[in-house]
Amino acid sequence: MLPITERTIAPGVTLRAVQTGKFKTSTLAVTFLEPLREETASLNALLPKVLRRGTRTCPDMESMSAALDDLYGGSIEPVVRKKGEVQCVGFWASFLDDAFVPQGTKLLEPAAALLGQVVLDPAGDGKVFQPDYVESEKANLLDKIRGEINDKLQYSLSRLRESMCAGEAYGVGRLGSQETAAAITGQALYARYRDMLETAPVYLYYCGSAPIHRVEAAFRSAFAGLPEGKRRPIPSTQVVKVPAGEVRRFSEVMDVTQGKLVLGFRAGQRYRTKEEVARAVLFSSVYGGSTNSKLFLNVREKLSLCYFASASLAMSKGVMLVYSGVEFANFQRAEEEILAQLQACREGDITAQELEAARLSAVSTFCTTLDAQGRLEEYWLNRFFSGTDFTPEELAEAISQVTLEEVVEVARGIRLDTIFTLCGKEA
Amino acid sequence: MVKHVYPRIGETVFEEVLDNGLHVFVFPKPEFGKSFAFFATRYGGMDTRFQLGGKWLDTPMGIAHYLEHKMFDTPEGNALQTLSAAGASPNAFTSTDITGYHFECTDRFWENLRTLLTFVSVPYFTEESVEKEQGIIAQEIRMYEDNPSWQVYHMLMENLYVHNPVRNSVAGSVESIRAITAETLYHCHEAFYTPSNMVLCVAGNVDPEAVCAMAREILPSPRKPAIPRDRGSDEPMEAGKDYSQRTMAVATPLFQMGVKVKPGVDGPAQLRQRLLGDLACEALMGSSSPLYSRLYTQGLINASFYCGYSDDPGTAFLIAGGESKDPAAVRDAILAEAERVGKDGLDDGLFQRLKKSAYGAYVRSLNSFENLCVQQARSYFAEQDPWTFPEIFDTMTRQGAEDFLRTWLRPEQVTLSVIRPEGGDQ
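Residue numbers (the working numbering), protein chains in the order written: chain C, 3 to 429; chain P, 502 to 927.
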């Protein structure tokens, strides 16, 4: 068991800490939970990038790097994540755990202090950010958004979400769009920053060997400058009912040698409680989650159509994406097989062996989460923003209780909504 | 069995050599629920020419990777499914110089280790099953071909090296793999998948003696001598080609700059040179350097920039890469800064901070069981002890880093590989 301790630092400011000496590093994270919206997505995505450029005490890149190098090469990285229709904006920091620092030096307190300064004490005059930082990070953000085409699979997944969920917050990209990014001004960014500091719920996280009293004291001191007052509740995610009409199809042509096929499905519900998540995880694992899944065994191994074919289910939105890289000429066959395998799940055509293999794989995923700091942080963020607090061990236990009928029920609730294909120029 | 203790980094390693020549390394991790096993052979994408039964064989490019895929075939079906049905997460990779098979699990470790040792040591495939894999691997190769980061690196290696086989694409091409037959795959297995050419590394809450006992039970016992192989003739010091580019569907140009370096004379010298090379690179152009800050502010590089030292058997190079509007300007700035540092030296404060930082990064990387095992395996093949890095760090000086930059950063050893967006100029 890796116990997690929760402390309320101020109204709307929560600290969760996992105490363990098993890692060589300690992780510190701060996350502001913002509703994902077209108007604010790019501003929110830009904020941590600009903040990371410098603080009042370390006003430029060289002094920031020097401060981090001095702390034995610690890192403080801007992180923007999309969780359902919540944009999680903040920093992920990793430092050598105190046990491995030469001469008994303690890193937790100075590391937390530096993290706090990055969030609360940006370089500049206290009224706006440094204009050159805003301009250069805005240019980088635009490059990053334009650069989404570099990774053909991620690009295809984003295009599917945009097309399928047009008009829903879920259709908004993690970094916003080129248009919203290009329109950012220094004033608007600073106003957004102040608003986020004052109103967004804040989630602080620690994982490492220090006892809770030290962690709490370090975070309290580092984030003492957070404005007081009432903060918004954690933003919610809208679930859209299962589509009634025809399957929608979108396609795009690019200079590629391999096609990408993405199918978007809706479940018409979210999976929030431990039991709901357990059932959905197990279904997803049976259908397309491991090397024993129906998609892997049939689309890849039986038909040799692809190198990968997988399914991933966004729990809070109730949207499942199935994706594969195939030859252009094989789109139709791959699509038929992907749907045939879902139909098999709906009809309960799942062998005991398939179910147990999927179960073991899913249980193992959550057990090994306890052994990886990055995944552990992600796991607890998922719990926090969905308002739950079951542990990875409890989830693994719940997965081991799920029945075949419950898996079939999840499969039956899922309906195809939209298909996206990325085609080559010669196709 | 020998027990090595490394108190500065909190690691203990048990090492054993079996009669058949297999080296076994075990990292006991009593606090962790998961275990990780890695079984590797010193055979990779660069090993296409070797001697078997007194005759030289030339095999198709991509064959080591193809063999990796086919090794999973077993009389019972497929080892990927056997392992995942037993709750393990299995995978494998082929690099330039090694092929490794691994799994991670939280339960049924011994059953899974048995599966791993068995399927990797017993080839089981037919012409038909080899033929069937063509479609899957062809799609894997297509996936790489559409990946700009893969392309930029592939071009870099082709530019840097004239005839060393590290310039081969590990997976080969859709054309080269067509020539692969079951018979050739059996030959490759016979040549390279022999225990004396392999290593087994395990990290987890396991008994080291029991790991060795299982390896003794399952693996073949005769110790076979090493197979002669051709890893290319000597390379000139100059880069084969100083520039190449191609267009792809990308938004901003992607680049990699490579600097050819002569590898150290033996394992320990190579390890020392890698640590020093990495540190010198950081001091010259890493994120804490004045150059980085200047290029970033000028908009010539962004947060995607990286740099470091890389080596494979018989080769070594410095690499810097990322996205840039003007890759040639970045290359020129790096060369100019190297010349300046060669004359004026490095800032001592910067160097001392970077030493701390690099030390921290090495310790942090030990969190990953996969990294522990893969590093141990690679280092064993290269005759190095990777866990002596704290002691090597103690002896590294600013002058050493300056000398390194002076010796190697020469324009004739440099090459640039660029991926440009379609419709861009040039």
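Rather than coming from a laboratory, the hints here were simulated on the basis of the structure.
Source: prediction; values computed, not measured.
A hint or two may mislead.
Cross-link-like lysine-lysine pairs, in silico, DSS-like; alpha carbons within 27 Å at most [to be verified]:
(1) C/24 - C/51
(2) C/24 - P/725
(3) C/51 - P/763
(4) C/84 - C/276
(5) P/556 - P/725
(6) C/24 - P/857
(7) C/243 - C/276
(8) C/51 - P/826
(9) C/108 - P/844
(10) C/304 - P/633
(11) P/763 - P/844
(12) C/427 - P/826
(13) C/84 - C/304
(14) C/243 - C/129
(15) C/24 - C/108
(16) P/742 - P/725
Incomplete in silico selection of chain C near chain P, CB under 7 Å [claimed, not checked]:
(17) 21
(18) 24
(19) 61
(20) 63
(21) 152
(22) 254
(23) 255
(24) 292
(25) 359
(26) 362
(27) 372
Quick reminder that beta carbons are idealized off the backbone N, C-alpha and C, glycines included.
Verification of the supplied hints:
| no. | hint | verdict |
| --- | --- | --- |
| 1 | C/24 - C/51 | 31 Å, violated |
| 2 | C/24 - P/725 | 40 Å, violated |
| 3 | C/51 - P/763 | 39 Å, violated |
| 4 | C/84 - C/276 | 21 Å, holds |
| 5 | P/556 - P/725 | 17 Å, holds |
| 6 | C/24 - P/857 | 22 Å, holds |
| 7 | C/243 - C/276 | 22 Å, holds |
| 8 | C/51 - P/826 | 20 Å, holds |
| 9 | C/108 - P/844 | 38 Å, violated |
| 10 | C/304 - P/633 | 9 Å, holds |
| 11 | P/763 - P/844 | 22 Å, holds |
| 12 | C/427 - P/826 | 26 Å, holds |
| 13 | C/84 - C/304 | 35 Å, violated |
| 14 | C/243 - C/129 | 45 Å, violated |
| 15 | C/24 - C/108 | 17 Å, holds |
| 16 | P/742 - P/725 | 40 Å, violated |
| 17 | 21 | 13 Å, violated |
| 18 | 24 | 4 Å, holds |
| 19 | 61 | 12 Å, violated |
| 20 | 63 | 4 Å, holds |
| 21 | 152 | 5 Å, holds |
| 22 | 254 | 11 Å, violated |
| 23 | 255 | 10 Å, violated |
| 24 | 292 | 5 Å, holds |
| 25 | 359 | 4 Å, holds |
| 26 | 362 | 3 Å, holds |
| 27 | 372 | 6 Å, holds |
In summary, the structure is inconsistent with hints 1, 2, 3, 9, 13, 14, 16, 17, 19, 22 and 23 from the numbered list given earlier, while agreeing with the others.
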